[in-house]
Amino acid sequence: MAIIIDENTNVIVQGATGNQGRFHTRQMLAYGTRIVGGTSPGKGGQEVEGIRIYENVFAAMEDHRVDASCLFIPAPFARDAAFEAIEAGVKVVVIITEHIPVHDEMDIVNFARQKGATIIGPNTFGIVSSGKCKIGIPSNRFFVPGPVGVVARSGTLTYEIVANLTACGIGQTTVVGLGGDRVVGLSFVDVLQKFEKDPETKAVVMVGEIGGNQEEEASLFIKKMSKPVVAYIAGKSAPPGKRMGHAGAIIERGRGTYEGKVKALKEAGASVAALPFEVPDLVRERIGI
Amino acid sequence: MAIIIDENTNVIVQGATGNQGRFHTRQMLAYGTRIVGGTSPGKGGQEVEGIRIYENVFAAMEDHRVDASCLFIPAPFARDAAFEAIEAGVKVVVIITEHIPVHDEMDIVNFARQKGATIIGPNTFGIVSSGKCKIGIPSNRFFVPGPVGVVARSGTLTYEIVANLTACGIGQTTVVGLGGDRVVGLSFVDVLQKFEKDPETKAVVMVGEIGGNQEEEASLFIKKMSKPVVAYIAGKSAPPGKRMGHAGAIIERGRGTYEGKVKALKEAGASVAALPFEVPDLVRERIGI
Amino acid sequence: MKLYEYMGKDLFSSYGIAVPRGRMASTPGEAAAVAAEIGGEVVVKSQILSGKRGKGGGILFASSPGEAGEAAAKILGGTVQGLKVESVLVEEKIKIDRELYLSITVDGSAKKPVLIASASGGMDIEDVPDEEIIKYHIDPFVGLQPYAAREITRRIGLAGPPAGEMNRLLPVLYKVFREKDAELVEINPLVISGDRLIAADAKVTIDDDGLYRQKGFPRVEERTEAEQKAHALGLSYVQLEGNIAVMANGAGITMGTLDTLQHYGGSPANFLDAGGGTGMEETAKALEILLETNPRVILINIFGGITRCDDVANALVKVKKEREIPVPVVIRLVGTNEEIGVGILKENGFEAYRKMDEAAAKAVELANRH
Amino acid sequence: MKLYEYMGKDLFSSYGIAVPRGRMASTPGEAAAVAAEIGGEVVVKSQILSGKRGKGGGILFASSPGEAGEAAAKILGGTVQGLKVESVLVEEKIKIDRELYLSITVDGSAKKPVLIASASGGMDIEDVPDEEIIKYHIDPFVGLQPYAAREITRRIGLAGPPAGEMNRLLPVLYKVFREKDAELVEINPLVISGDRLIAADAKVTIDDDGLYRQKGFPRVEERTEAEQKAHALGLSYVQLEGNIAVMANGAGITMGTLDTLQHYGGSPANFLDAGGGTGMEETAKALEILLETNPRVILINIFGGITRCDDVANALVKVKKEREIPVPVVIRLVGTNEEIGVGILKENGFEAYRKMDEAAAKAVELANRH
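The listed protein sequences correspond, in order, to chains S, Z, B and Y. Under the working numbering, think of the first position of the first sequence as 42, with each following residue one higher. Under the working numbering, think of the first position of the second sequence as 42, with each following residue one higher. Under the working numbering, think of the first position of the third sequence as 973, with each following residue one higher. Under the working numbering, think of the first position of the fourth sequence as 973, with each following residue one higher.
Note that these hints are calculated values from the structure, not bench results. A portion of the hints provided could be inaccurate.
Simulated pairs of lysine-lysine, DSS-like, Cα-Cα distance not exceeding 25 Å [unchecked claim]: (1) B/Lys1147 with Y/Lys1334; (2) Z/Lys132 with Y/Lys1084; (3) Z/Lys156 with S/Lys156; (4) B/Lys1084 with S/Lys132; (5) Y/Lys1046 with S/Lys277.
Please read all numbers here as calculations on a predicted model, not as lab measurements.
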């Protein structure tokens, strides 16, 4: 088992003929991801890394069942490409693209809600169900099967922590990158709920950041979870981020600080690592291996 | 039992302070409808027919559970009033107003779908669950409880047929006016499905018209129904309605004629009355009373 | 409200949709002048609110201003498809490489706008088999997005520059449809001419109920004089061929009344739906309209709901007092304030029926007696 | 990108939102001229990208052009809230009957725009209790409809003419927010002045990622020179107070690196996120930026994903060859092409760590050794 994607997930790559698309198509294939096609308007019929290129998602779906899509589409066109995948009926849309305007992100996420699709990202490294399916850009070597679910807001920090876990012999069920932007498809709570239900996941590692109130909201759910959660919050010493006028203050109402997040998580029963490399020990402690 | 509304339905009247709103609020109260309030912007706090007037639906819902709303709102403002009711959480919105622009009607119906609300109308006489609740404008006298569900596109013709049924001692569970416009909230099929499930309804009378292909679509469902259906289709001798260019022809593809509708209904097992006053006899025949 | 082709093209043009160069003309002289301005070969097209003008002789070609004037002279003032031609559209003759079909209308079943397209456009579009017709429903809250345009273009099977033109055209056409309260925007044929897509025809219908917020359209009148008069009173009226004038309240019951009349062998002179809540004055005026058609009998069928029987009765009495009613009036009157209404009628020498079939049978009998 | 108050007001004004009469001035002379044009009492407001100017002495009143010039002279060139003032906004002093608060921003939890309003506006809005704050989430596909505006107005508790003004203002403000790719539009205070509603302040932030499609805005620069330089290279850079220059790839891991440094008693000189896929040349330039801050040690922490370790190693070698590196460089390098990268570094006399904590500890040790 794993969450959201697994060994039976059929994937298409939108924007497969660009440099990034081509490179990561090769990497995903090497990881074992079942890529059934790519899209690139005006290039239907070509091949990339042995994968057939279609005009669009609708055309790809005439030939294949498509469960998930991975977008390597420049920011100005990402909204349209995501809409295309969602309307065509793709249920998991992974948006790697960064710098998508926030209004476009709100449109994408709300359109996906209407149509019952799951958006991962934007501005995410993607999602990996270890040993089964990788959709996104992390390097293949660190993701090995095991009992820990990982959910994170930022990319490289997650690789760091996953690599530490793997080096300590602790593999992962699924690693989910929520995405670094202000508006993304999934929240910590959404993913924690899925991990709580996944029989193979024994513990969850949550990699948060200062700012926003997602970690505080997650704490409310962690209280009710049967599985242990180990968290690391980056930004203890970071410069303050930009604030959205009074409006931001009114929404956050004092939440968003490092101290507040750590307090909420600890009160909810999570173990909180002070530094990234402390995570594996805390996981060991909590699941007794 | 009845469908859509019953004796426990709490109703508000939007536009209760106008002439029509006031008159029909009185009539509905006389029928026994549980009207818990009315709305009229700028007139919050007034009373009409002993009913409290609120600024808007949100305000009314601070004081009452509201299950259904009845709109007596001029066409240019009907879209906004319907949106208000839907967003406030009203689950049955009856729109009496006629001459609402068709684009507004599409907006209303699609917004209601998103929010899980049922739209009756626009351009409908309303809905009556006999002896329990009347939301709309038909005169009170002809609607008496009994075993027959009635669903119709047009108003006065329905009164005619219901009056005939009542005169013959055949009462009604619920009488639903779909509305006379091209885009309305419910189709024949939607209502037939509800009557099929309603234990008190023993037979259904369906009052259709030439044009469109709703009756043909209903026939497909009637084939699978356990309950008898008696239909009357108006317009055997009517002048042809206006046609929407080739597009209309392409959509209808020959459907929409009197003969086509009657053929489809008969093949589906419905009894078809040639004239309105034949309906009661056919009902008697089908349910054996 | 239907727009004439030239109005539809002006509208398209204002949105940047390519149409042939040309202008409307009301006289042969004007037509020749427009042709001279355009230069080269031109098409002279009769402006009527109906299709199939080509088959009806309403479209002529001309290769000089003189010929254009002659063509206009042939068409103007005559009739095409039974309609009088009062103006022509003179426009450049475009090179036609291929004809497509494209429209957006309201789909009452789906309750959404539907875009209809076909690679096989032109006069015989209604005979194109279903599998060659593309239908795409548009969510009114989402609109026609670029990805949808590309998918439609792909399904039509276009490639190269016309595909790019189509991708740009489709969202614009939806914009026209939405912003102008249109019930129909139809381009048939949509012509591929070299690299370009050109709207060689334009059929646009504006929703009558949306006209109040659509300024800037000339009012196009398709109704007969009697129909206009009825419409001004808020009544729905269609002239028919028979001799029994009919008035009822509600479209469905009016249709039912006609059906019943025909069932008994009668022949209705008109369809007049007096609506749901018409007052005494309007009812009286509706009666005047009926009388103007010189029927043999008048049949009034009122099932009072919002309409009150006493109002109808009083209206009838009023008309009778003001002018002679030269033909028998058969009245069926039930519903709100029925007793009062029937009382008023009796006092004034009218007989009222309670049953629709009896009233209809009586009307037919009276009509056939003459 | 934050807009100065006067730009925000120009924007509001172009949408028909009422703002006080006034204009920007860069010199005391200009300020006096604007005051003369307005007549009567005026307000002279320092234009800086920060709030709380009133408490910081950045807002002065004047009752004549001369006084306005003097007020401008006091403010211009000085600092308010630590920011240099280069321009002032001179505008009419409006009569204030009541101050409201109104804004629209992005709610990351709800993933929708949220409108925030309060009957208690003014400087202390952040202290207003939650139950006096109205929040209304807007579906981006539906927009802010009239009924929603009326409901918000009702909940604010307005009545009479200001209620009507508010009903008209709210959809317009959302239009600004949506059409201009704004992350924030804030009016605090929104002033009731007689029957009118006037935006007495304007705080507008445009989404940097949306700027490519927002023409017609002047570019407002809030960054330091070094930050601008880094930004031009696609890097995210913030200057800090310490002595260990830091470069890592990814915002999260950069924060984690700073956290680790501080944990070992070190003090970072900056935050530099080199991003996910930066090439050799950009990496070299990023190093140049670090060197310009004259740190005691440079710590490079690369977890190669899209970033390749050999690119980073080659960049370092390139900089070393082109110029002297006067301080020790501690490098942590793992991930894509790690072995090649470590090999290149060794050949060129750099030592590479595999573990982040070891590298951080080493950097702190070296920084403290001096």
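Evaluation of the provided hints:
{"no.": "1", "hint": "B/Lys1147 with Y/Lys1334", "result": "violated (64 Å)"}
{"no.": "2", "hint": "Z/Lys132 with Y/Lys1084", "result": "holds (24 Å)"}
{"no.": "3", "hint": "Z/Lys156 with S/Lys156", "result": "holds (13 Å)"}
{"no.": "4", "hint": "B/Lys1084 with S/Lys132", "result": "holds (24 Å)"}
{"no.": "5", "hint": "Y/Lys1046 with S/Lys277", "result": "violated (40 Å)"}
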